[in-house]
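Engineer: Make one complex out of these two single chains by using the hints.
Those protein sequence lines, which keep their order, are chains A and B.
In terms of my numbering, the first sequence opens at residue 6 and continues consecutively.
In terms of my numbering, the second sequence opens at residue 4 and continues consecutively.
For the record, the hints were derived by calculation from the structure and aren't laboratory data.
There's no promise every hint is true.
Straight-line C-alpha distance at most 20 Å; calculated EDC-like pairs for lysine to aspartate or glutamate [as the list claims (entries may be wrong)]: (1) A/LYS167 to A/ASP122; (2) A/LYS198 to A/ASP69; (3) A/LYS167 to A/GLU114; (4) A/LYS103 to A/GLU58; (5) A/LYS167 to B/ASP156; (6) A/LYS198 to B/GLU173.
Sample of chain B residues at the chain A side, in silico, Cβ under 10 Å [stated by the list, open to error]: (7) GLY63; (8) SER66; (9) GLN133; (10) LEU193.
Cβ pair distances, simulated, as ranges [stated by the list, open to error]: (11) A/ASP171 to B/SER216: 33 to 43 Å; (12) B/THR211 to A/LEU32: 55 to 65 Å; (13) A/ALA57 to B/SER216: 41 to 51 Å; (14) B/ASP105 to A/ALA57: 51 to 61 Å; (15) A/LEU169 to B/GLU173: 33 to 43 Å; (16) A/ASP176 to B/THR211: 27 to 37 Å; (17) B/ASP214 to A/ARG108: 47 to 57 Å; (18) B/GLY213 to A/ASP176: 22 to 32 Å; (19) B/SER216 to A/ASP68: 16 to 26 Å; (20) A/THR61 to B/GLN97: 41 to 51 Å.
These figures come from a predicted structure and were not determined experimentally.
C-beta: ideal position from N, C-alpha, C; glycine also.
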Amino acid sequence: MIPRTLVVTTALLFAVAIGMGIYVAQLRRRADIASPRTLQAEHVRPPAAGPAENVTVWVAHDDDGRLHAQSLTVPLSSERQPRADDLLRALLNIYQSKDSAHRLGAGAEIREVYLVDPGLAVIDLNAAFADGQISGILAEELTLVSIVQTLSNNIPGITRVKFLVDGKERDTLAGHADLSGFYAVSSISTLAKQLSEE
Amino acid sequence: MRWNKAQRLRAGYLVLLGAVAVGQITPQPAVPTPQAPQNATPVPTHAPALLIMIDPAHGGTDSGAALNAAFPEKDVTLVLARRLRRELLIRGIQSQLMRDADLMLSSDQRASQVNALQPFFYLVIHATSQGSGLRLFTAMLPLGEDNRGSFVDWPTAQAASLARSRLVQEQITGSIHSTGFPVRGFTAPLRPLNNVIVPAMAVEVAPTTGDISQLASSDYQQMVCAVLANGIASAMPLLTRAGRGQ
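So here's chain B without its partners, still in its complex pose (with noise of 0.2 Å):
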């Protein structure tokens, strides 16, 4: 059967509107893939080698704990990060920043670059006003579904890491507490923690004088990210000897 122009044009067009609605009903994927950010940082595809990532937590719109008016939490934790990158420069550890500017980033979003670079160590810096001195946290992962081959269940991605997790955090919290610097352990129902597949860490910075403007102080914050770098530095063999990936 030859088809008159017309009746071409019509199926053409059956075809093609059939197309567009399998498009809109197609179901999306059961685990989140959350976009890239719009403003982040470039992140190379591949991790220089014992790269660690650097995570100042909060930014943009979201602007954490407001320790005090002028103060954001966002501002603590960048200054943070960019003081431990210079700390673990000095010996000879290589880190990068998830954010060096004040970026709104969600935790799928930094979850994903993380996932992404593999870098071996991911360690996100909160402040808060409570307290005294450091809190190290490593996740306390949600009842999830198993993980299926390559298929990770999303909210419990870091369980495969979590061993080595909890490991490198007791190596930071001893180096610390060796100086006297009031240092603790827990876990912790953070994000993104839970949905990072490398060895994962959060760390939360009080003053020790119960005064909030101590987190504002240059000298404290050496302090804190020169007794951290020295944690770090100390955990370096338990991250490099497993491997990566294991």
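For reference, chain A alone in the conformation it holds in the complex (with noise of 0.2 Å):
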């Protein structure tokens, strides 16, 4: 027979255990309606007002699978941050007119660069650009690549670079290149200069 303050442990444990996910369950609750909905990832920021300078970005091309450099004259801001922004759009421009030499999905938008000491670039961009981008290892890596090293080599000091998709981590961009770790800039300009090769 089972003691009886065994069975008095047993139940006071199990209203315990239950009190307890009651309460953590209240707790979950509270916090999903305290936190800020999820902004629609859109460039409100009005375009740079800064002089007009002569860059180099680098564009994916599909027909030949290689990365071009190619000369842009754009208005720049000369504060790290906000010249960050303004050099990707001005990328994304480029993927994002009719003859584009590299799709990008409709709705593709690099949310936000966070430049963060010392040499860290954490590249935010939406679900559009993943979910539209073409599958497969060169196509996506160009499209890294091409982000990499236009941002690294107009903004010195980059280092290291981070992308997230939705300001969430994801295994990959659009099923092959891994976007879970850190990209070291220096390996990124190895395989630029690969990816340019004739």
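Structural biologist: See the structure below:
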């Protein structure tokens, strides 16, 4: 026969466990209500007011599977953070033009670029960017290398890059290129050279 | 002091509760140890001499690239892997498929199987509609932790074999290039290449005509696998000379 004390102890522990479960569920519900709504990712910031500069951007071409350096004159801010936004907006404009050599999905945007010292750039893509990316090892790495190379060559001091999608970690861009880790800019530069070679 | 029966039962119950609690809060190991796949082809614990592991990428619910509605990447890679196994056998090279059916395997499961078996070479096959011919990729390692003795950092486990992987890649690229078949070699941030401890490479097969249906053509598949098998055969001395685990 089971001792009464054992039955009482077990019942108490069950009661405590159920009570804790209810409490945690309430906390989670309150946290969900308190959290801010996800903002729609759109470039609402006005174009840079800085002087026009001649910069080199790296543009992916699907027809020959290569990365092409392209000179561009665009107004750029002198501050690092808005300059990064301006640069990547200029690059996206190239990809979203009618005769783009490398197609991105409709609504593809770079939500934000965070420059975190020392040397880290965090690039937050929107879901449409990742979902509309053509799936394939080379197709995906052309996209990533184009962004990293354009950013790191025009903003000194960036040594590492991390990609997010809608503010969250994602395993791959479109099933191939790994987004789980940090990219070393030096490795990307070496790859950019390989991708640019005739 | 002598305990009565009720006290002994209470003590035993407390010890049991304590053990359960300790089990709940024991931290997980820092290095991921993925679970063995449920439906995977059984893999022997020791690799036969000079075994090559061929991995048809994707599978199961992971279809890979939608090359066209009827022919997802996972099916193309499986067909190519089977053909390549046959071509290698003709050249006297033993190989084994990571999956020989439409099975879902995660990157970690694939890497775990390779690391357990330790073949001489690991080759993962992908297919794409973009570009032309073959692209051969070795790992572009992410920034990771240092490897300490026998504890290998999972994201950079390929580090020790990367130089040999690149030698093999160069050899195979050169061999295919000499036949006139379009081929290029790169690094790529691609899993599970990063997590594999043996020499490893990925191949991405694209049509040469720009027509996706070429990937489904048995003639084209045969040609691709033949040039690839010749390339691998030409690289075998590089794989065997250095020996396993160096």
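Engineer: Each hint needs a verdict: does it hold in this structure or not?
Structural biologist: Quick rundown of the hints versus the structure:
| no. | hint | in the structure |
| --- | --- | --- |
| 1 | A/LYS167 to A/ASP122 | 13 Å, holds |
| 2 | A/LYS198 to A/ASP69 | 15 Å, holds |
| 3 | A/LYS167 to A/GLU114 | 16 Å, holds |
| 4 | A/LYS103 to A/GLU58 | 24 Å, violated |
| 5 | A/LYS167 to B/ASP156 | 19 Å, holds |
| 6 | A/LYS198 to B/GLU173 | 16 Å, holds |
| 7 | GLY63 | 13 Å, violated |
| 8 | SER66 | 9 Å, holds |
| 9 | GLN133 | 5 Å, holds |
| 10 | LEU193 | 6 Å, holds |
| 11 | A/ASP171 to B/SER216: 33 to 43 Å | 35 Å, holds |
| 12 | B/THR211 to A/LEU32: 55 to 65 Å | 59 Å, holds |
| 13 | A/ALA57 to B/SER216: 41 to 51 Å | 47 Å, holds |
| 14 | B/ASP105 to A/ALA57: 51 to 61 Å | 55 Å, holds |
| 15 | A/LEU169 to B/GLU173: 33 to 43 Å | 35 Å, holds |
| 16 | A/ASP176 to B/THR211: 27 to 37 Å | 31 Å, holds |
| 17 | B/ASP214 to A/ARG108: 47 to 57 Å | 18 Å, violated |
| 18 | B/GLY213 to A/ASP176: 22 to 32 Å | 30 Å, holds |
| 19 | B/SER216 to A/ASP68: 16 to 26 Å | 19 Å, holds |
| 20 | A/THR61 to B/GLN97: 41 to 51 Å | 49 Å, holds |
Checked against the numbered hints given earlier, the structure breaks hints 4, 7, 17 and satisfies all the rest.
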